[in-house]
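A.B. asks: Sequences are here, hints too, so could you generate the full structure?
The sequence shown begins at 1 in the numbering used here and counts up one residue at a time.
It is worth saying that the hints were derived from the structure and are not from the lab. Mixed in with the good hints there might be a few duds.
As the list claims (entries may be wrong) - Computed beta-carbon distance windows for the label pairs:
| # | residue 1 | residue 2 | range |
| --- | --- | --- | --- |
| 1 | R413 | A65 | 31 to 37 Å |
| 2 | Q406 | W308 | 26 to 32 Å |
| 3 | R11 | L415 | 44 to 50 Å |
Cβ atoms here follow ideal geometry from the backbone N, Cα and C, with glycine treated the same way.
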Amino acid sequence: MQAVDDLRATRRAWLIWAVGASLYFAAVFHRMALGVAGLRAEQRLHFDHEVLASFTALQFLIYLAMQIPAGLAADRIGPRRTLAFGLVAIAAGELVFGLAHSVPPAIAGRALIGMGDALILINVLRLTQSWFPARMGSLLAALTGVVGALGQLLGTIPLQAALDGPGWTATFVGSSIATIALAAVAFTLIRDRPPGVPAPQAHEHAPIGQTLKQAWSRPGTRHGFWAHLALMAPFQVISALWGAPFLIEGQHFSEHRAATYLLVTSAGFAVAGPLLGAVADRGVRAQNRTLLVMNALVVALWAAILLWPDGDAVPHPLLFAGFAIAGAAAAGGMVAFALGRRENPPEAGGAATAIVNCGGFSAAIVALEVAGLVLGGDGTPDAGQFKLALAPMVLLSAIAFVRCAQLSRQRERNLAAHATA
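C.D. replies: Rendered as structure tokens:
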């Protein structure tokens, strides 16, 4: 098999990446739609904040449960077929959700979206591993994240405008049809590997349990897991569900202004992505320091927001900075995938990426569900309840910071030992 370090970033490679990244654009739009549409969903389907949290937690739980199968599918079935299947599942889920008038079909729709979404990012990153040299790993992961952030941008003010204009059903059914068309384009254009590179045979793959055990045993995979947890969990909690209700009900923002702050989060991701990716591609030390700095910033700013003494009057510049840095830190979370990629062979790349991706989503599920329990019940939650509800998000990120600092020192010691050997 052709060594990844011998690959060149050809025009065809960039075309393959662009098509794959467009699928991630669509997946993130569908994943994050409840960030803006959540309160409208409560009104349409007649449920409270606790049920709303269960919607997103279930979607993320299915996403999390599908990570290992998605990684194994990337390595053993190939990204082309797996990506097409994922897009079809997302489109079906969005169609069911858009037509739903009661909770059970709406939950089924979000579950299908979670299942399809789980297959997208891992397989797009698997394509980059097959088509590009390894030294471009961090940059490509960050650029893919930027495209995803643009999908999230579509799910802020533009989605709100569509819900205000054409309406709920037309918006979600229309996005389902567009997603089916995108799946057909992807299946037509994407190829799993460059011409002349043979497909791996079934007998070449290690047993599944051994593949996962070996991937986890490598320090880079574990470091990537904790870095992804630290940086992605706050972003998911804020963008996917609780950011808008916190601003509207806890800080008395209008719906339009709250959507603008979510747009700022997406913009922070988009702007920071290429910069962090370029810095992180300079080596292990640069990766470690970049991720730790972003982790410290997101914990510090959100701790300041939640500890602000005047509960429903947090200064707008502080809120703005908190939402922006949540997006920028999540771009650092995309760099976490390069930590796992660097220390795993190509044939285990999907499995390693899946393990890393479990970090942020496992923490997000816990934080989302705890917030739903705190905010559930009759009446509109006040600022104090929102701050208590969001505290686990910050606590989990802080715990992960400690673990990342330990693993960073370990990896740098290993690097120094190999350099002097």
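A.B. asks: Could you tell me which of the numbered hints above are not met by this structure, giving the numbers in increasing order?
C.D. replies: Violated hint: only 3; rest satisfied.
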